[in-house]
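Residue strings, one per chain:
Number of protein chains: 4
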Amino acid sequence: MATVAFIGLGNMGGPMAANLIKAGMTVTVFDLNPQAVAALTDQGALSAKTACGAAASADYVISMLPAGKHVQSIYMGDDHNKGLLDVVGKNTLLIDCSTIDAATAQIVGAKAAEKGIEFMDAPVSGGTAGAAAGTLTFICGGSDAAYAQAQTVLTVMGANIFHAGQVGAGQIAKICNNMLLSVLMVGTSESLQLGIDNGLDPKVLSDIMKVSSGGNWTLEKYNPCPNVMENVPSSKGYQGGFMVDLMVKDLGLSQQAALGSNSSTPMGALARSLYVNHARQGHGRLDFSSIFEQFANQNKK
Amino acid sequence: MATVAFIGLGNMGGPMAANLIKAGMTVTVFDLNPQAVAALTDQGALSAKTACGAAASADYVISMLPAGKHVQSIYMGDDHNKGLLDVVGKNTLLIDCSTIDAATAQIVGAKAAEKGIEFMDAPVSGGTAGAAAGTLTFICGGSDAAYAQAQTVLTVMGANIFHAGQVGAGQIAKICNNMLLSVLMVGTSESLQLGIDNGLDPKVLSDIMKVSSGGNWTLEKYNPCPNVMENVPSSKGYQGGFMVDLMVKDLGLSQQAALGSNSSTPMGALARSLYVNHARQGHGRLDFSSIFEQFANQNKK
Amino acid sequence: MATVAFIGLGNMGGPMAANLIKAGMTVTVFDLNPQAVAALTDQGALSAKTACGAAASADYVISMLPAGKHVQSIYMGDDHNKGLLDVVGKNTLLIDCSTIDAATAQIVGAKAAEKGIEFMDAPVSGGTAGAAAGTLTFICGGSDAAYAQAQTVLTVMGANIFHAGQVGAGQIAKICNNMLLSVLMVGTSESLQLGIDNGLDPKVLSDIMKVSSGGNWTLEKYNPCPNVMENVPSSKGYQGGFMVDLMVKDLGLSQQAALGSNSSTPMGALARSLYVNHARQGHGRLDFSSIFEQFANQNKK
Amino acid sequence: MATVAFIGLGNMGGPMAANLIKAGMTVTVFDLNPQAVAALTDQGALSAKTACGAAASADYVISMLPAGKHVQSIYMGDDHNKGLLDVVGKNTLLIDCSTIDAATAQIVGAKAAEKGIEFMDAPVSGGTAGAAAGTLTFICGGSDAAYAQAQTVLTVMGANIFHAGQVGAGQIAKICNNMLLSVLMVGTSESLQLGIDNGLDPKVLSDIMKVSSGGNWTLEKYNPCPNVMENVPSSKGYQGGFMVDLMVKDLGLSQQAALGSNSSTPMGALARSLYVNHARQGHGRLDFSSIFEQFANQNKK
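Sequence lines, in order, name chains U, L, D and G. Take 1 as the starting number for the first sequence in the working numbering and just add one per residue. Take 1 as the starting number for the second sequence in the working numbering and just add one per residue. Take 1 as the starting number for the third sequence in the working numbering and just add one per residue. Take 1 as the starting number for the fourth sequence in the working numbering and just add one per residue.
Bound-form chain U, shown alone:
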C-alpha cells in the first residue's frame, strides 16, 4: 500500500486524510495545530514534527493549505526552513490540493521540474461534506504521468477527477468554473426575483427555466430562493454550504488571473463586487446563495 504524507489538516484536509487511512494507506500527517494532528493520530495516522519530516520517505505528498504564500513556503522553504523540494526523492509525487493562484502553482511546479520531481496542482470542490464522504471533485494540472499516478490517492478521496492541462491548469479551470458559478448564482437570483416581483411563483418559474435555455446548475441543485428546494442552504437560513467569504476568495483569484492575462470578465468582475458588498454588510459566513437577498423584497416600496 502507498505511503502518504498529508500537510494541512483543516476542515477539508482532516477528513481527506482520514479517508486515506480508512483505505489502509500509511499516512503521516503534519499541521501546526496539535489538536488537528491528534484527531488524525486517533484514527491511525503517524505524525511528524515538520512537514519535511512527514514527507521524507512518502510515495505521495498531499497538501491542503489556505493560500499561495503557504504553499510556496512549504514546498520551497524560506529563510529559516528547508522546503519539501529539498527533501523528497524523485519517486515522490507532490499533489497540492489548495485553491491558490495559478502563478504560485507554476513557480512551485517549475522548481520541482528543475529537480526532476513531479508536482501537480489539484484543487477540489465539494466542500466539507464531500471531503468526509470521499466524493470530492479534483481538477488537476500536471503531466500525464503524474495524473495517472495520482489516481491511487485521488480516487480514495474523490468521485470526479479531471485533467485540465499542465501545472497550474487545475487552478485556472477551478477559478473559471467558480467565476461562472457566481455568475449563474447572481443571474438566477435576479431572474427569479424579477419573476416574483411580477407575480410569478418562484417554484413554477424555476421548474420552467430548469428545463429551458436558462437551465443551469444552481436551478438544478442549489436554488437560491427560500423554500423552492428542500435541503439546500436557501431553505435553511443560508446556513452550511459554500461561504460567501470563500466565493469572494475564488472571485479574487479569477480577477487576479484576468489581470495577468489581460482578459475582460465583466460578469465575473460585477459578481465579485456584489459579493464583496454582501460580505461587507456582514454576510460573509452565510452560504453564497444568500446573494439572493440582495435582490429580494426586503423593503420594497
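Honestly, the hints are just simulated from the structure, not real lab data. Glycine included, C-beta positions come from ideal geometry on N, C-alpha and C. Zero decoy hints are in this set.
When the alpha-carbon atoms are kept at most 25 Å apart in a straight line, the in silico DSS-like pairs for lysine-lysine are as follows: (1) G:111 - U:69; (2) D:249 - L:249; (3) U:111 - G:69; (4) D:249 - G:210; (5) G:90 - G:69.
Negatives, chain L to chain G, calculated, CB over 12 Å: (6) 73; (7) 79; (8) 137; (9) 143; (10) 262.
Start from chain U and add chains L, D and G according to the hints.
Relative to the frame of chain U, chains L, D and G by itself:
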C-alpha cells in the same frame, strides 16, 4: 376537428400554421403580406381579408405578431377597425404567441375577461427550426381552463408546454428565462476566454465545467467558442440560431418589466448593454453566441 | 403683470408658486389637497375648483406633477374631464415642470401643437431648497418663441435656465444629466473607499482628485464620505438632499429612454441596479450620496 | 546646485531629465537604450554605465520605469546586480516617478527605511506634453521631510505637487484618480450618446451638463464626442492624448489594489472590462476617450 384562425404568418407563424393544417384542422389565415398568405393557402388553408373575418367562427384564434402595439390593435381595434374582441364568441379561445411586454398582454386579457372571453399569452421558444418541426416550447399565461383547452392546438405545434400563471405570466416567464440565458451566454463566454488566455484548451475546460457547478444550457447545447461543439452556430460562423437583434429585443422587454416592478437586475442590464454594443458594431444578425467575439483574442497584446 | 395658473402644490410646486406671488404676479392655484391650496391662498393666491378653472384666462400655466400619467390626464383630459388643452387660448403658454418620460411630453406637445398652443417641458433640479430660494435650474424643451416667453416666469423661480431643444428635450437632457450624476456618485464613492481601504485620508484624496482628472461635481459640492465636507448630507447622517427614491425614479426614466432608442448605458444601468438594491434595503429616503455606505467599511474582514 | 541621477529615459523620463538640465542641475543619466542616453548627453547630461554608477554621489535619484518588477530590481538588486539601495548614502533622496503597484513601492520603501534612506513614490500625470513643458502633476507618497526636500526637483518638472500620505500613497491616489477618470469618461460617453439617440445636440447637452450636477473633468476639458470641443483627441480621430493601453494598465493596478484590500469597485471593474474589450478590438493605441465609439451610432438599426 378544431377550426383555427391564424393571424400573422411570418418566419414563425407560417410553419406553425402549416403544422395545424397537417394535423387536419381547418385553418383560416390572415396576414398583410399576400405572399405569406399564398404559401399557406397552397398547403390547404383558407384565407380571410381581415383578422376579424378569419376569427369570426373559429374555435381557436392564434396570433403571432412582432410587438405589443400590433397585438393590442388586432385584439382591441383602433380608430378605424374593430378588434377581435368585438367579433369572437365566448366559446373562442384566444392565444397570443407573440413575445411582447406583459403589460399589453394583461390589458388585452382584462378587456377579454370583461367580455367573458378567454385569452392566453403563450410566447414560444425554439426558433424557426422548432416551428417547422412542431417542437416549440410554449410558456402559457391564463386560466386553468384556458390552459387545458389550449392543449388541442399547442401540442400540434410544440413539444414542451408550460403553465406559468395567469394572463401575462407567460411573457414574464419567457423574458426571465431569456434574460438568464443571456447571462449564461456572456458568463460562459468570458469564462472560456479567461481559460484560453491562461493556456487552457476550451474543449477540456468546457467538458470540466459542464459537469461541475458551472454547468449550464450554453455549455450543454450551445457552446459559444468556435469548434468546441459541432453543429452549433459558433462552429458555423455564428450563422443561424437566435439572432443578436432578437436577444436585444427580449432583454429590452426584461428591462421594461424590471422598471415596472422596481426590480434590480445588474447582470441582465449589463448583458443588455453588451448585446446592444455588439449589435451597434454591426453584428445584429449573427447568432447571439457571437458575443464570445467581444472577449476573444482578436487583437490581444 | 402676468397671470399664472399653477397646478400641483407639492414640496416643489408650493414654494415655486409662492415665489411668483412674491414677484407680484396674479397666481391661481389648483391641487387636490385643500391644505396645500390653503397654504398658498394665505400668501395671496387665488384658487380654483379645477385645473381647467385655474387655467382658463391665464397667460401662463405651470404644472408640477408626480408622473407622466398625471401630466397627460391634466392636459389632455380623460373619460370624465376636459383637459387644459380644451380650455386655454392660443396666447397661453403651457409649461410643465414635472420630471416625466419624454414620450409623454412629446404626446402632449404634439396635441398642443395641433391646436396652435405652445407647450414646453421644463423639468427642474435644485430640490426643495432651490424651490424656496428661487434658485432652481430649468432645462427646457420647446420652440424658441416659447423659451423666450417663458423667461418672465422662470427667472422668478430659477437661477439657471437652459434650452435643450424641442419639446421633450428638457426631459431627455435632465435624465442624461441625472444618470451621469449617479455614475459620478457611485464612481466617486468606490474610488474614495478604495483609497481609504489602502490607508489614504479621504479628505486628502478628495482634495487631490478634485483638482485632477477625476474632478467632478460630487467631489466639488457633495462629497459622499462623511466628514470630508461640512453642510452636505453625508456629514448629517445622509438626511436632506436628493432622496435615493427620487434617483431611482430618474434612473428608471433614463433606462426607459435607453430602451426606446436602443441605447447602451452600462454604467447608468449598473448605477440603477445598485440604487434599487440600496432602496430595497430600506434606504430609499436617505440622500442619494448614501450609496457610499454600500462600499464602506461596515463589516470589513 | 543639486546633482541628480535620472534612471529611465523613455517618452516621459527623457523630457523630464531635460528640464532638470535646463534648470542648471548636474544630471547623470542611465538607460539601457544608448540612443536615449545620447539624446540627453547632447543636452548636457553626464552618463553612467549602470544605474548604481549614476546614483553613487547624487543628491537625488529619480527613476521612471515601466513596471513594478523593474523598480524593484533597480532599487533592490537581483541575483547578478547590486541595487541602488546598496550604493547610495543616507543623504540621497530616492524618488520613483513610475506608475506601479503600491505593494512594490511599499516593499522598496521599507527596505530603504531599514537602511535609513528616504524613498518616495511620486507617480505623475500630464502625459508627454506635460513632461516636455514641465507642467506635470506629481502625487507623492513619503515622509514630510522627503516631500519637503523633493520640491527642489519636482517643481522644475511639474506644476502641481500633492502629498498623498506615506510611501505607496502616491500610487494609490493616482490609481484611485485614474479609475475615477475612466468612470467619468465611460459615463459621460454613454450619457452623451443617450442624448444624441434621443435627438439632442451633443454640444448643447454638454454645455448643460457641464454646469449642472453632471459636471466633470471630461466635459470640461476632454469631451469624448467628436467635434464638440476643438483641440481634443476626439476631434482629431482620437490621436494623441492618453492611450487606451495605458488606461488598461492603470485600471489593472486599481483592480490589483482592490483585490488586496477586499474592496468593491463595480464601476471601475466594469470600466476595465469595457476598456480591455476596446483594446482587444484593436484600439489600444487610440486616446482613451475613443471608448465613446463603443456607444456611438455606427450601425444603429
